[in-house]
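Protein sequences, first through last, are from chains P and W.
Position one of the first sequence corresponds to residue 17 (the working numbering), numbered consecutively onward.
Position one of the second sequence corresponds to residue 4 (the working numbering), numbered consecutively onward.
Keep in mind the hints are simulated off the structure, nothing from the lab.
On a predicted model such as this, the values are computed, not experimentally measured, just so you know.
One or more hints might be untrue.
No farther apart than 20 Å at their CA atoms in a straight line, the calculated lysine to any residue pairs in the SDA-like style are these [stated by the list, open to error]:
no.: 1; chain 1: W; residue 1: 81; chain 2: P; residue 2: 153
no.: 2; chain 1: W; residue 1: 81; chain 2: P; residue 2: 157
no.: 3; chain 1: W; residue 1: 81; chain 2: P; residue 2: 272
no.: 4; chain 1: W; residue 1: 81; chain 2: P; residue 2: 166
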Amino acid sequence: MQATPEPTGASVTARTDGSVLEIRLGGPWRLESRTPRWPSFTLPEKPTAVRIRADAVSQWDTSLVVYLGEAQQWCGTSGIDCDIQALPDKMRALSGQFLSSLRTRGRDEHSRSFVVEVGLATRETMAHVRGLLQFVGEFWIDTTRLVRGRAGLRWSDTVGEMQKCGAMALPIVSLISFLVGVTLAYSGAIVLKRFGGEIWVSDLIGVAMTREMGALMAAVTLSGRTGAAYAVEIGSMKANEEIDALSTLGISPVRFLVIPRVFALVLMMPLLAMYANCLGVLGGMAVAYTTLDIPPTAYWVEMLTIVDLQDVLVGVIKAVVFGLIVGLSGCLRGLQSERDAAGVGNAATSAVVTSILLIIVADAVFAVLFHVIGL
Amino acid sequence: MSSDANPAIEVTDLACSYDEKLVLDGVSFRVRPAEIFFVIGGSGCGKTTLLRNMIGLNTPVRGEVRFNGRSFTSADSKSRREMLRTFGMLFQSGALWTSLTLGENIALPLEEYTSLPADEIRSIAAFKLAQVGLEGYEEHYPSELSGGMRKRAGLARALALDPGIVFFDEPSASLDPVTARNLDRLIVQVRDTFGTTIVVVSHDVDSIFGIADRIVMLDRDKRGIIAEGKPSEVARNSDNPRVVEFLTRRGIGAE
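Work out the full structure, taking the sequences as your base and the hints as a guide.
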């Protein structure tokens, strides 16, 4: 008795014929226009049967099929007979398919219960720990073989990597460590000015750079620059089956890919750290000269009263360990990467996060250790 | 079942898993020396998984793989490395090392396993490339090649150490029909020249009828072999509708 003409053209007209509800569909039914949704009219009390006709439909697509399917489903659940014999065969067939797809719609198998989630997470963590131990073990075995002269180092790769992670990182390391020196000088001056001891800025920067900031800044820079690159490089090699190709030749990926890279970093990191020391001191010197009126010679002489070779050594020891951390984290995350584009991206992220975390932890351990042994 | 006393490859009761799901169980077959042996089946039936388990990239759940009578699955790492030297493997993507030139790609296995002088290694690499029709490409990087050329270069690398067994993972995948047939011809040529045993994982019906001596067909639901034998005989005699459907879509229709 109610008619609901839709503004877009698709129309549904419902009429009761005795106790039979007759629904007439008409107009063009297109997904992109707004089509009626079942039931688009007020359903009458208890029809005994529903009859659907679509003689007036000019055009139709999935939107009509969905309407028919929902109508049939409603009839099915209310126990009403649904007569669609008047519909064209194609419409009947498609609405039948729609109905059966509703019944067999896949459940979301990705949502799991809390217990299952915890169990899976535990297993994943165990697998990660196992992977880490295996990796470190393989690295250790291959390194000792190398040291004992039982296996050769791929020098051409190592030198190439040294150039990439060392020489080519000089500009960014220069800028960062110079600015760290400048920042330290300004913040140091704030405190030291109160005591009229601006000259001690040179001691502050000398000690801070050589013992701490030189190695730290070089390591953080390289973990973003080189560690991430290692993870991506090795991760893409894995996705491209290149790692498998090494394994089937009996060539250990650790020996072939990891050792040259880690070796290059362990060699270059101390050099970069010492270079960063110099630039940091230079930065401090510039600030001292321009804003605190301390001549560079005075700055230098004052610094040498505090900083000696021992402080430089502390920085170098740290740098070696940081190099090891950055190299191993990058390579490990690359080897653990999933074999797709997202996996390689995640490997880069997690390489940087892992190495920076481990660098800070190692730095803290060193601080305590050097304090205890009085270095 | 082959009655050969000395199969080149013998797989016994192998069970393999992928993503912690058991995809193959109780798989046994033998490959005769100098045979072109195809492992076929629809997508997701575990063909590649079987191959990866056979060559040690994955560890089988159960079962044994023997090469020339020597167990590979229970070998220690030293004899495993020794046996790996006698295989060649052509990966689906070619898997050339992208940071190395073609010449260096082929030279690497030689550098690892032989003590040949560098210039001799270079000439061998050039020779292997020429064998697959890539003469003069020594200094090219893999990224500069087409898909078909990369596969041929991968084959040259797989053949670098004159292996007794060469595995192919879907050699004709993502190749046009002409390039795929050329690769098939190359496979036959390798077998005829060196007497190499060849194991191919494939679902390319033209290749199967073109060059396979014998096949095994794997099935996802049965998690194992549902047919074994010469391709034409399998197609004619099998009473399994899935086997017939797979093989005759073009196979027998063309006969």
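Structure-based check of all given hints:
no.	hint	verdict
1	W/81 - P/153	holds, 17 Å
2	W/81 - P/157	holds, 14 Å
3	W/81 - P/272	holds, 17 Å
4	W/81 - P/166	holds, 14 Å
Checked against the numbered hints listed earlier, the structure breaks none of them; every hint is satisfied.
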